[in-house]
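Enquirer: Sequence:
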Amino acid sequence: MKSDVEELMPRLLPLESCDTEEYNSNEPPRNPQEYLRQVQREASLCPDVVVAQIDPKKLKKKQSVNVSITGCLAAPQGFSPSLKWQQQQVSRFSEVRQSVNKHRQHWKSQFLDDNVVMPKSEDEDGWKRFCLGENVCLDIQLKEEDKVNPGLDYVKTGFPPFLSIVSKLNQSTISAVLEYLMNWFEERDFVAQLGRWFYALLACLEKPLLPEAHSLIRQLARRCSAVRANLESKDDDCLSALNLMICIVARYFEQNDLADKE
Numbered sequence: 001m002k003s004d005v006e007e008l009m010p011r012l013l014p015l016e017s018c019d020t021e022e023y024n025s026n027e028p029p030r031n032p033q034e035y036l037r038q039v040q041r042e043a044s045l046c047p048d049v050v051v052a053q054i055d056p057k058k059l060k061k062k063q064s065v066n067v068s069i070t071g072c073l074a075a076p077q078g079f080s081p082s083l084k085w086q087q088q089q090v091s092r093f094s095e096v097r098q099s100v101n102k103h104r105q106h107w108k109s110q111f112l113d114d115n116v117v118m119p120k121s122e123d124e125d126g127w128k129r130f131c132l133g134e135n136v137c138l139d140i141q142l143k144e145e146d147k148v149n150p151g152l153d154y155v156k157t158g159f160p161p162f163l164s165i166v167s168k169l170n171q172s173t174i175s176a177v178l179e180y181l182m183n184w185f186e187e188r189d190f191v192a193q194l195g196r197w198f199y200a201l202l203a204c205l206e207k208p209l210l211p212e213a214h215s216l217i218r219q220l221a222r223r224c225s226a227v228r229a230n231l232e233s234k235d236d237d238c239l240s241a242l243n244l245m246i247c248i249v250a251r252y253f254e255q256n257d258l259a260d261k262e
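Residue numbers for the sequence shown follow full-length UniProt numbering, so the first one is 1 and each next one is one higher.
What the hints contain is simulated information worked out from the structure, not anything from laboratory work. Heads up, a few of these hints could be off.
Label-pair distances were calculated between CB atoms; the ranges are [stated by the list, open to error]:
id: 1; residue 1: Ser44; residue 2: Phe111; range: 53 to 61 Å
id: 2; residue 1: Met118; residue 2: Tyr35; range: 43 to 51 Å
id: 3; residue 1: Ser172; residue 2: Gln38; range: 35 to 43 Å
id: 4; residue 1: Gln53; residue 2: Val96; range: 44 to 52 Å
id: 5; residue 1: Asp257; residue 2: Trp85; range: 15 to 23 Å
id: 6; residue 1: Ser91; residue 2: Gln53; range: 48 to 56 Å
id: 7; residue 1: Asn183; residue 2: Tyr35; range: 54 to 62 Å
id: 8; residue 1: Asn256; residue 2: Tyr35; range: 53 to 61 Å
For glycine and all other residues, C-beta sits at the position ideal for the given N, C-alpha and C.
Required output: the full structure, derived from the provided sequences and hints.
Expert: Structure (structure tokens):
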């Protein structure tokens, strides 16, 4: 019996009646008529309603993207940068992005040193340790001699965002690492390793931004403004880096409502 849909819809490619004994559906079609007949036969075997079997465990925990329109906290008197300084930083950042794009393919094809083992994209703890180092992630207090001469133990100090490393990250991984570092930054103070990685990841973000990336960079600027608001001195080593992050997000990525005003 024909379905209701088939009754209502006219046949666009009607077939002439044929002797079914001459047509073997197990063999490849020999002409257009047999091909169309095979398509119709396969379609008739399909159920009218299909229910997908979805495994909830395979769904991402965070599927919705919430974009906050809240602006940055105003900088304390004398803590915000001048408009000229912001324009200079945007110009430099634009040059860095052009350089990254120019050399990305070259560095993407280069092999990393044996000691550089990049975590998998979904390994949040692994990326935190990779970028920030065990000393920061595990809150290990360094001895005075280690602070003066920390050496090149990247497992302890974190791997710098070398171009050979960030060039191997696709946009999905860049957003993931940015989210992991933001999760860390939301609960802890600003450190130099964090600033270097934020700058490098922003330099690798492609425009137009994906919704996830758009939300993350706004979150970054707001968090930087909150940390800046609690600084006790204009001579704090973190101030310039915090201003830079806010400037790049607001001025380069055109989130103008977050920008520092003169």
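Enquirer: A separate judgement is required for each hint: does it hold in the structure or not?
Expert: Hints, one by one, checked against the model:
1. Ser44 x Phe111: 53 to 61 Å: For Phe111 against Ser44, whose Cβ atoms are near 55 Å apart, the range 53 to 61 Å holds.
2. Met118 x Tyr35: 43 to 51 Å: With a Cβ separation near 49 Å, Met118 and Tyr35 satisfy 43 to 51 Å, so the hint holds.
3. Ser172 x Gln38: 35 to 43 Å: For Gln38 against Ser172, whose Cβ atoms are near 40 Å apart, the range 35 to 43 Å holds.
4. Gln53 x Val96: 44 to 52 Å: For Gln53 and Val96 the Cβ distance comes to about 47 Å; the hint holds.
5. Asp257 x Trp85: 15 to 23 Å: holds (20 Å)
6. Ser91 x Gln53: 48 to 56 Å: Cβ of Ser91 to Cβ of Gln53: about 54 Å, so the range 48 to 56 Å holds.
7. Asn183 x Tyr35: 54 to 62 Å: holds (55 Å)
8. Asn256 x Tyr35: 53 to 61 Å: holds (58 Å)
Checked against the numbered hints above, the structure breaks none of them.
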